[in-house]
Amino acid sequence: MLVATALAIVRLRNLFAVAMLSGVFSLLSALLFVVLDAVDVAFTEAAVGAGISTVLVLGTLALTSRVEKPSSHSPALPLFVVFVTGAALIYGTLDMPNFGSADAPAMTHVAPDYLARTPEEIDVPNVVTAILASYRGYDTLGETAVVFTAGIGVLLLMSGLRRRREDGDDDDDDEDTEKDGGVY
Amino acid sequence: MADGTTFEYIVGHANYWLFSVLMMTGLYVVVARGNLVKKIVGLNMFQTSVFMLYISTGKITGGTAPIFPTDMKIDPAVVYSNPLPHVLILTAIVVGIATTALGLALIIRIREEYDTIEEDDILAAEKLMAAEDDKLHGESMGGRA
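So the sequence lines, in the order shown, correspond to chains Y and X. Here the first sequence is numbered in my numbering, starting from 5 and rising by one per residue. Here the second sequence is numbered in my numbering, starting from 5 and rising by one per residue.
None of these hints come from the bench; they were simulated from the model. Misleading hints may appear alongside valid ones.
To spell it out: a stretch of chain X is covered by chain Y in this simulated footprint if at least three of its residues, at any positions, have a beta carbon under 8 Å from a beta carbon of chain Y; those stretches are [what the hints assert, rightly or not]: (1) 22-34; (2) 40-51; (3) 107-116; (4) 126-138.
Computed cross-link-like contacts, DSBU-like style, restricted to lysine-lysine with a CA-CA straight-line distance of at most 30 Å [to be verified]: (5) X/K43 - X/K131; (6) X/K43 - Y/K73; (7) Y/K73 - X/K131.
Only a predicted model underlies this, so the values are computations on that prediction, with no experimental measurement involved. C-beta: ideal position from N, C-alpha, C; glycine also.
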């Protein structure tokens, strides 16, 4: 189903449908995360991927255009690049441990340590929370910094938009009203 | 290799292959499509498949989500999946939405400047601008700039 959704995204030219399908894609991947025992990741993906990013894409579509123009280039070169990269990736997975095996390197290194020490040192039932907020708190601080920077960047870009529109060389009035309804 | 182990190998690696296929679909959208919004959606798809790859490495067969009972009486027989990839991916999802938001804001700005969000049209407009620049300043600079 994920693959079918992905292929539909490739084929469709109506960007509105593409935005909706990307929401569907996120929701399906959240389901997959639940099956893979990653419940925290699943609800973050459902909220952020299916919720916020769909809203952001829709907002962009309201400010820009809704239909993609057909591409004038032949798809041969991109397809070639994609197939070569894909083949390299699959070649890389050949040495990977079997899915779900308990003796994979990822399982035997520090993960058991975190699982064993969390009850004594942090005393939080959810190990993911314990690592995220306590053991790896600096990473989360860095993440917050990234989000803050991105927020400032978006605000700068958008505030320039509003100011320029007020100064306004009003050559596209109909679009202006649509934009005003869209964001502010 | 005996038939049983081959089958086990294929089943045990099918998840990686599925995620590779999804990843390449996303890459194709980014490379081949000219529309900038669609490129961002493709990038998101690529990103999500990387997340799935990571999470799938943390899964243990028969394991459960890494959350202890609230009374903290831990049954040693219960196997918990690896929490580390989950933490990494939680961070990555949030950073991903931040970059997506920035990309979309840039698209809005590009649309304002060039009045299009198609890569081909932007390139054509750039060429036109460069040609005009050339006409204005080219001769005084002694030939084509």
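Report the numbers of all earlier hints that the structure fails to satisfy, in ascending order. Per hint list: single violation, 4.
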